[in-house]
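Dock chain to chain to rebuild the complex, using the hints, since each chain is given by itself in its own frame.
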Amino acid sequence: MDLSIVNNDYYLSGMAALIGDIDSNLVLHQAFERICVGRQYADIPRGLFVIRGENVLLIGELDFHQPIRVPLVEVTIEEILKLQKEDIEKKGRIEKLRQKAMIEHGLVDDGNPIEEHY
Amino acid sequence: MLFYSFFKSLVGKDVVIELKNDLSITGTLHSVDQYLNVKLTEVQVLDPEKYPHIQSVTSAFVRGSVIRYIQLPPDDVDTQLLQEATRKEVTQPRKE
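Here the protein sequences come in this chain order: A and B.
First residue of the first sequence? That's 1 in the UniProt record's numbering, and the numbers climb one at a time after it.
First residue of the second sequence? That's 1 in the UniProt record's numbering, and the numbers climb one at a time after it.
Since the hints were derived computationally from the structure, they do not count as laboratory data.
Incorrect hints may appear among the rest.
One side only, chain B facing chain A, incomplete, derived with CB under 10 angstroms [what the hints assert, rightly or not]:
1. N21
2. N37
3. H53
4. T58
5. V66
Yeah, the Cβ is synthetic: ideal placement off N, Cα and C, and Gly gets one too.
This is chain B alone, in the form it adopts within the complex (with noise of 0.2 angstroms):
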């Protein structure tokens, strides 16, 4: 839950998502699921050389399982706050 709203609140950044397969692709953060499944805007293709085939798609749906990275913009991120935060989630004895 806390990488859900953490995503959450990083809606309408420009990320780059690299994929398990290696491909890289760059784009707007439109929206995220609890599996951490991703919708992008303005999709742009890292590497279009070597993935040519990409190259009309405009906005495009990401599952999460197939994620390796998700490269966001320092300034957007409190690391001190994110510290805190899964420390927490750790310490704290969860519901389920």
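Chain A extracted, bound-state conformation (with noise of 0.2 angstroms):
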């Protein structure tokens, strides 16, 4: 079966071995590694993988009978990575000034240590 993961931050497909159990366990066959930023994405091959169940989100089933409508721009892995980690330095910065401007009106953020993997 073909079907695409999300996780958060990334976004993995392949042919699944094994839905695994209650806990969501996967085993994933060809898989394939998506990092999207913004409307730009790069797919690293990652071959076997397996996904502990409590990281996974969403599985997604791939219609193959519907065109595959994928509004998003192919570019090479170099060029995702770097991408990426300008992505998650702004983002770093922003997350900075915030914490900073709820300090200065004497609030202190700790995040949600439950759901900050989400």
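Okay, here's the thing in structure tokens:
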């Protein structure tokens, strides 16, 4: 079965060899990790991939009877990794400013330790 | 168990699920399990501009632990019944 898995910042697609168990642990065959930054993306081949169920957000089945609509532009792996690094740095700077503003208002934000992975 | 039974009664209805990563998706409730994992058919993303990479997905499994909200059609929920059931669930001694 061809699936795509949305996992917060990463997006993996491949053929599922086993839809694990109640914990949604997965084994993916011929997996690709798709990194998207804005409208650009790149696929990194990962081969055989095992995913621990607690990290899975959503598993989507692709419908091949419909034309695959992906309004994204493919770039090289080097390019996307560069873009991703810049994106993370930018978000880090914005977060720092936000924290600073919160502290100036007397509020402390420890983040949500349970939800911080989401 | 109560909410598992509650969602079982809503199979076939259209719902909107908001995940903890702020993604909202709409679809028809196909099935639910004891962990409140949800399977949806006819999946559509509510903000395709922000999440363009999920557009070709038609059916999806969503892990219960990542759901923040499930928005339900108000006409399909009997709030009186739900209130009574939740009250009973709390006051009655548990078998475990």
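Can you name, in rising order, the numbers of the hints this structure does not satisfy?
none
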